[in-house]
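Number of protein chains: 2
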Amino acid sequence: MAVYTEVDDADLRAFVAGYDIGDLVSAKGIAEGVENSNYLLQTTAGPWILTLYEKRVAPADLPFFMGLMQHCAARGIDCPLPIRDRGGVVIRELAGRPAVIVSFLQGMSPRRVEVGHCEPLGAALAHLHMAVADFPMRRDNALSVAGWRQLVEQSRPRADEVAPGLGDEIAREMDHLEPRWPRDLPAGVIHADLFPNNVFFLGDRLSGLIDFYFACNDVLAYDVAICLNAWCFEPDLSFNATKAIRMIAGYRQRRALGADEIAALPLLARGAAFRFLLTRLYDWLNTPSGALVKKLDPLEYLRKLRFHRSVRSVADYGV
Amino acid sequence: MAVYTEVDDADLRAFVAGYDIGDLVSAKGIAEGVENSNYLLQTTAGPWILTLYEKRVAPADLPFFMGLMQHCAARGIDCPLPIRDRGGVVIRELAGRPAVIVSFLQGMSPRRVEVGHCEPLGAALAHLHMAVADFPMRRDNALSVAGWRQLVEQSRPRADEVAPGLGDEIAREMDHLEPRWPRDLPAGVIHADLFPNNVFFLGDRLSGLIDFYFACNDVLAYDVAICLNAWCFEPDLSFNATKAIRMIAGYRQRRALGADEIAALPLLARGAAFRFLLTRLYDWLNTPSGALVKKLDPLEYLRKLRFHRSVRSVADYGV
Chain A
1 MAVYTEVDDA DLRAFVAGYD IGDLVSAKGI AEGVENSNYL LQTTAGPWIL TLYEKRVAPA
61 DLPFFMGLMQ HCAARGIDCP LPIRDRGGVV IRELAGRPAV IVSFLQGMSP RRVEVGHCEP
121 LGAALAHLHM AVADFPMRRD NALSVAGWRQ LVEQSRPRAD EVAPGLGDEI AREMDHLEPR
181 WPRDLPAGVI HADLFPNNVF FLGDRLSGLI DFYFACNDVL AYDVAICLNA WCFEPDLSFN
241 ATKAIRMIAG YRQRRALGAD EIAALPLLAR GAAFRFLLTR LYDWLNTPSG ALVKKLDPLE
301 YLRKLRFHRS VRSVADYGV
Chain B
1 MAVYTEVDDA DLRAFVAGYD IGDLVSAKGI AEGVENSNYL LQTTAGPWIL TLYEKRVAPA
61 DLPFFMGLMQ HCAARGIDCP LPIRDRGGVV IRELAGRPAV IVSFLQGMSP RRVEVGHCEP
121 LGAALAHLHM AVADFPMRRD NALSVAGWRQ LVEQSRPRAD EVAPGLGDEI AREMDHLEPR
181 WPRDLPAGVI HADLFPNNVF FLGDRLSGLI DFYFACNDVL AYDVAICLNA WCFEPDLSFN
241 ATKAIRMIAG YRQRRALGAD EIAALPLLAR GAAFRFLLTR LYDWLNTPSG ALVKKLDPLE
301 YLRKLRFHRS VRSVADYGV
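One line per chain: the protein sequences are A and B, in this order.
Here the working numbering is used: the first residue of the first sequence is 1, the next is one more, and so on.
Here the working numbering is used: the first residue of the second sequence is 1, the next is one more, and so on.
Calculated directly from the structure, the hints in this document are not laboratory data.
Everything numeric in this text was worked out from a predicted model, so none of it was measured.
Note that beta-carbon positions come from the ideal geometry of N, C-alpha and C, so glycine has one too.
Derived DSS-like pairs (lysine-lysine); straight-line CA-CA distance at most 27 Å:
1) B:295 / A:55
2) A:295 / B:295
3) A:295 / B:55
4) B:55 / B:295
Cβ-Cβ distance ranges computed for the label pairs, FRET-style:
5) B:115 / A:116: 52 to 62 Å
6) A:4 / B:283: 13 to 23 Å
7) B:55 / A:285: 29 to 39 Å
8) A:309 / B:297: 48 to 58 Å
9) A:4 / B:92: 25 to 35 Å
10) B:61 / A:61: 43 to 53 Å
11) B:242 / A:13: 15 to 25 Å
12) A:116 / B:149: 52 to 62 Å
13) B:86 / A:313: 48 to 58 Å
14) B:235 / A:23: 24 to 34 Å
15) A:164 / B:114: 55 to 65 Å
16) B:312 / A:58: 55 to 65 Å
Whole structure, please, built from the sequences with the hints as guidance.
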């Protein structure tokens, strides 16, 4: 749920007039993209998305994100295409914030993940990894091991408010993962947040990937591990190996997974669960209760983390 | 800010397939209509609005609201037209709630009311009052004098938490208004909530009226008085007589105001300010601080109420 910034209608009309996208006929704030304010614009030429970047997206990162979406869209990835204004500019300003108009993508995010979603998801992820191989820009992953250490230190003192013993458990997990974290696997630009709400389907067809604002350079198989966490658990948090098998099979249709990447999956999945546990825990402890943001339950990821910890080999994922 | 109910995408596709409105290609929760969940649907035939009615709208009132919008739309009022499904049904069910699809209206609500908005607003209000003259259904105004008395009693004990002396002030106001409230003025169906966020403009042209969910039978001039409150004060809460003059002039283009209606305006405006003070006060005292609803400041309407109380004659409104 979002829309933090209200935009004056006259300012908005003037802003849209700077583009060759038809005349503005409507603008609705939409509940999409937790970190930014998003408006669905209707113009005489059709629908478009306007995003105002709130403080969690660093303005210095915007050229990377815009370049990445342009690069991907040009290579056939169904992702939002940033639109240039009449002067060729992509990143403009509206209501005191960086503002971008992107193309509208058809489709809806699945509220319930079905097995049938997982193969197209894996294929789209691999397609993305192949498409960005020649993307020239770079962005470090602020939410990898060094960032986790910081989050552990910030949250540990109050973590037991969320679950007894959680403070010690995250400290132990950190100590386990840090020295073992794989660094020599094939790397590139990853999406890093490809949850169901960031993937659109039209019926069974995957029609779009959105929300590239965590994209960064990291190990490619880590993106697979994030999707294992985000797509392959049931609402009761049991692991669904069929979903994992389909997702990985879909991935392999487009990109081969090396033996080293496969062997690393349990550890990568454990790290991915830990990353979302840590950020949710931090937000849980630090978001004022009156904020218009839905707090996500950190314990969901604690349970996923414990599952990955129990895995004996990659065969437990069905691979 | 709204969207309370999340809808499963498969359920939504099946729901939309029941209508002859094209194939569903997208659905976004929109931040519009405080009381209900609203989705902007895109189909192959264009945009539509899906509303799920939350508990503040009584299901028994829905036939009145739907009939009213159909009646108005048929008489040339730019308002949402409820769409019949393939079986001719308007009020259906989705996600366990009454659900209706209505036509999409172009335009945007003004964030800042300009003088230029007020004449078209008055004209549209009068047009509405004329159009509903032969509407056969009836709905009492639950938020008129009897309802105020109830709200006063519920809020008085804690009203001083909001402003010192407020409890006594609302009790005195109630005692003043109750015996004097005009009942013999021309009556009919009024919108009763025609705030700027419920009126769309495309440039200078008024393009739509929405949110008929407070519409009811009452004195027509009371609707004018509500608009005096909602449109004719500046952000610093000073009264802008120019806006009032234009609004009333616009109204008179379409419907004559009788001498009795004009004479009653100061009292009606006072009552209208009191009504919004009371409901905001009640919500202020009774909404949990974590709720995803923006609480509106009751003191804004206390100040407006005091202004109307200071008015000596209708000439102070510029009439």
